[in-house]
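J.: Listed here are the chains, written in short residue letters.
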Amino acid sequence: MEHKEEIVKASIRVLLVEDSPSDAALLQESLSEVQLAEFAFTHVETWKEAHQLLAKPQSFDVLLLDLTLPDTTGRETFVRARSEAPYLPIVVLTGEANEADGLDAVRHGIQDYLVKGQADARRIVRVIGYAIERKRVEDALKHTEEALRQSERKLIEANQDLERRVAERTASLEETINDLEDFSHSITHDLRAPLRAISAFAEILRSECGECGRPGAQEHIDRIITAAGRMDKLIQDVLQYSRVARTQMDLTPVDAEKLLRGIIQTYPAFQPPQVGISIQAPLPRVLGNEAALTQCFSNLLGNAIKFVAPGRRPEIRIWAEPAPGTLYELQPGAPAPHPFPVAIGWEEGGRRPREALVHGPNAAQGAVEAPNRPAVGQAGAQNTRPLPPRPLVRLWFADNGVGIPKEAQERIFRMFQRLDRSYDGTGVGLTVVRKAVEKMGGKVGLESEPGAGSRFWLDLQTPAEPVV
Amino acid sequence: MSEITILYVEDEETDVMLLQHVFTRVGITNLLKTVKDGKAAKDYLAGNPPYNDRRLYPLPGLLLLDLNLPYWSGVEVLGWLREQPRLRWLPVVIFTSSRRPDDVVKAYEAGANGYLVKPNSLADLTTMVQSLRDFWLLQNQLPESLLAESMRISAAA
Chain R
42 MEHKEEIVKA
52 SIRVLLVEDS
62 PSDAALLQES
72 LSEVQLAEFA
82 FTHVETWKEA
92 HQLLAKPQSF
102 DVLLLDLTLP
112 DTTGRETFVR
122 ARSEAPYLPI
132 VVLTGEANEA
142 DGLDAVRHGI
152 QDYLVKGQAD
162 ARRIVRVIGY
172 AIERKRVEDA
182 LKHTEEALRQ
192 SERKLIEANQ
202 DLERRVAERT
212 ASLEETINDL
222 EDFSHSITHD
232 LRAPLRAISA
242 FAEILRSECG
252 ECGRPGAQEH
262 IDRIITAAGR
272 MDKLIQDVLQ
282 YSRVARTQMD
292 LTPVDAEKLL
302 RGIIQTYPAF
312 QPPQVGISIQ
322 APLPRVLGNE
332 AALTQCFSNL
342 LGNAIKFVAP
352 GRRPEIRIWA
362 EPAPGTLYEL
372 QPGAPAPHPF
382 PVAIGWEEGG
392 RRPREALVHG
402 PNAAQGAVEA
412 PNRPAVGQAG
422 AQNTRPLPPR
432 PLVRLWFADN
442 GVGIPKEAQE
452 RIFRMFQRLD
462 RSYDGTGVGL
472 TVVRKAVEKM
482 GGKVGLESEP
492 GAGSRFWLDL
502 QTPAEPVV
Chain B
184 MSEITILYVE
194 DEETDVMLLQ
204 HVFTRVGITN
214 LLKTVKDGKA
224 AKDYLAGNPP
234 YNDRRLYPLP
244 GLLLLDLNLP
254 YWSGVEVLGW
264 LREQPRLRWL
274 PVVIFTSSRR
284 PDDVVKAYEA
294 GANGYLVKPN
304 SLADLTTMVQ
314 SLRDFWLLQN
324 QLPESLLAES
334 MRISAAA
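From first to last, the protein sequence lines are chains R and B. Positions 42 to 509 (the numbering used here) are the ones given, in order, by the first sequence. Positions 184 to 340 (the numbering used here) are the ones given, in order, by the second sequence.
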């Protein structure tokens, strides 16, 4: 609103460059009668004079330029004017015969043209007003474009900066990883050496002069040996954790059952008569890292055996079921998980979790809640309701151990957390399990009550194998 | 039992003491010589002073070599050894605390004949030394030239 008034009412400073005194006079005269605006004319007859006046910026609002001047003519005239007064609105004046020059000028950054002798006062005012306004819009547009270019430049710079920082960060991370590598190497190498000396010499001492010392000396030596052994176990466990934490895990289909049976066969501590382990076959194939899974399974079995009431024979049951995924959350108060019949859960003969989520024991539950869901076992269930790309399978490890109180259940997965000092442990085993399972894209958890044993579960990915 | 001298290259004094203890315990009576760094190992094997008297410093028939050593690493000693015409058949068993796959490969690359990781308990160390004795001192055959060298000088001692 404001600038409109400016155009209409305020005095418009016009530089008129016109070598014909009569034309100049005529123009000024016709404009003097106009009520709409007031014009303050500065009239010169040559480009040289105009050039001098234009040297001082902001002196004029508009330039009226005759193209045929004593010192310049035609296109050259407006090209020079345009370049010397880039911010000034310009209207060129042409003769009737040279109207084409006016159009040419407009194509080259001049705001408008007037044909001398054809324009009445109203028209001239309108042309001048338009020229000023058009120039303003053009400049604003240029500004916007410039701003846009600038932000584009900034964006590119920011991008480059970001890339540089990512590269730096990556480099520093790699350095950290190398440092860690060196660190764990020096732990095995340097920290364990004195420990080796402590326990070995304590053993020598025990065999040589356990009896010759004061009463209790034997026990003190035993304590040294036990403590050194424990320290060594701690170091080994932390190393194991750091190895799991930093190793990149390649996931391949793993036969969980075969792996478990292999572990049990390797360690007499997992075999009868010391322990009863029953695997409710078949267990499915999972998508995991064999080394990491071996670690997880042995740690879980080891825990199940270790944390048993004195005099009790450890009994461990292992089975699989579809993990409660997005489709089937376990309902609160739902019956405790139980192994489901082979024929329903898994394709007979093979180890594929075929439509596991639909056919699992919880499926019936789901079917009741959502009547539009296909009935259990219905052919084509997969087509009507697509399964998630990698259904999870839940492996259960149930023991008859001392159990874990509710409030401690979250804590036991953290480093160095031990619930009962009367049991030998470092408090790292379950931390390793959790880290490893998470790195394989799964989850761990447990259900337990003091005195009633614990049921640990691992949710693991299943391989995306074609269903035959 | 073969009467060869055993040279143990180890900078950790407690490890040397332990091995000596266990040697006695399992009844190894062979001469056990020790040096504390890679450079001394090289001088001993080359017969450079102060090891130039073979009556005091007999040429070994078995080298137990730690990897992480001052001056020359175990692998460097081994590499040098395999280039010496008179010594290149000398059986070398690496005896280290490093399990790093990298170290194992480098050791074999340089020509190790065995790679043992120092056990953490005295009992395990004893078992390991027993098998070391059974294999290298009781059953293994050394090339005659090496045996003669090792025996001749130690016999002269």
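None of these hints come from the bench; they were simulated from the model. For glycine and all other residues, C-beta sits at the position ideal for the given N, C-alpha and C. One should not assume that every hint holds.
Here are a few chain B residues that face chain R, going by a calculated C-beta distance under 8 Å [said to hold, decoys possible]:
{"hint": "1", "residue": "Glu195"}
{"hint": "2", "residue": "Thr197"}
{"hint": "3", "residue": "Gln203"}
{"hint": "4", "residue": "His204"}
{"hint": "5", "residue": "Thr207"}
{"hint": "6", "residue": "Lys301"}
{"hint": "7", "residue": "Leu305"}
{"hint": "8", "residue": "Leu308"}
{"hint": "9", "residue": "Val312"}
{"hint": "10", "residue": "Ser314"}
{"hint": "11", "residue": "Arg316"}
J.: Mind checking the CB of Val312/B against every CB in chain R and telling me if the closest is under 8 Å?
T.: Where the cut-off is 8 Å and the nearest Cβ of chain R is about 12 Å from Val312/B, the hint is violated.
J.: Quick one, is the Ser314/B hint okay against chain R at 8 Å, beta carbons?
T.: violated, 18 Å
J.: Grab the minimum C-beta distance from Leu308/B to chain R and call the hint holds if it beats 8 Å, violated otherwise.
T.: At about 7 Å, which falls below the 8 Å cut-off, the nearest Cβ of chain R leaves the hint on Leu308/B intact, so it holds.
J.: Once the shortest beta carbon distance from Thr207/B to chain R is found, is it less than 8 Å?
T.: violated, 11 Å
J.: His204/B was flagged as interface toward chain R. Is the shortest Cβ-Cβ separation under 8 Å?
T.: Holds - the Cβ of His204/B comes within 8 Å of chain R, reaching about 6 Å at its closest.
J.: Take the shortest C-beta to C-beta distance between Gln203/B and chain R; is it under 8 Å?
T.: Because about 11 Å separates Gln203/B from the closest Cβ in chain R, which is outside the 8 Å limit, the hint is violated.
J.: Does the CB of Arg316/B sit less than 8 Å away from some CB of chain R?
T.: This hint is violated: Arg316/B lies away from chain R, its Cβ roughly 18 Å from the closest one there, beyond 8 Å.
J.: Hey, does the Thr197/B contact hint survive, CB to chain R under 8 Å?
T.: With a closest approach of 4 Å, the Thr197/B hint holds.
J.: Given a cut of 8 Å on the nearest C-beta pair, is the interface hint for Lys301/B held or broken against chain R?
T.: Holds. Min distance 7 Å.
J.: Taking the least C-beta to C-beta distance, is Glu195/B closer than 8 Å to chain R?
T.: Glu195/B check passes; min Cβ-Cβ to chain R is 6 Å, inside 8 Å.
J.: Was the hint right that Leu305/B lines chain R, CB cutoff 8 Å?
T.: holds, 4 Å
Checked against the numbered hints above, the structure breaks hints 3, 5, 9, 10 and 11 and satisfies the rest.
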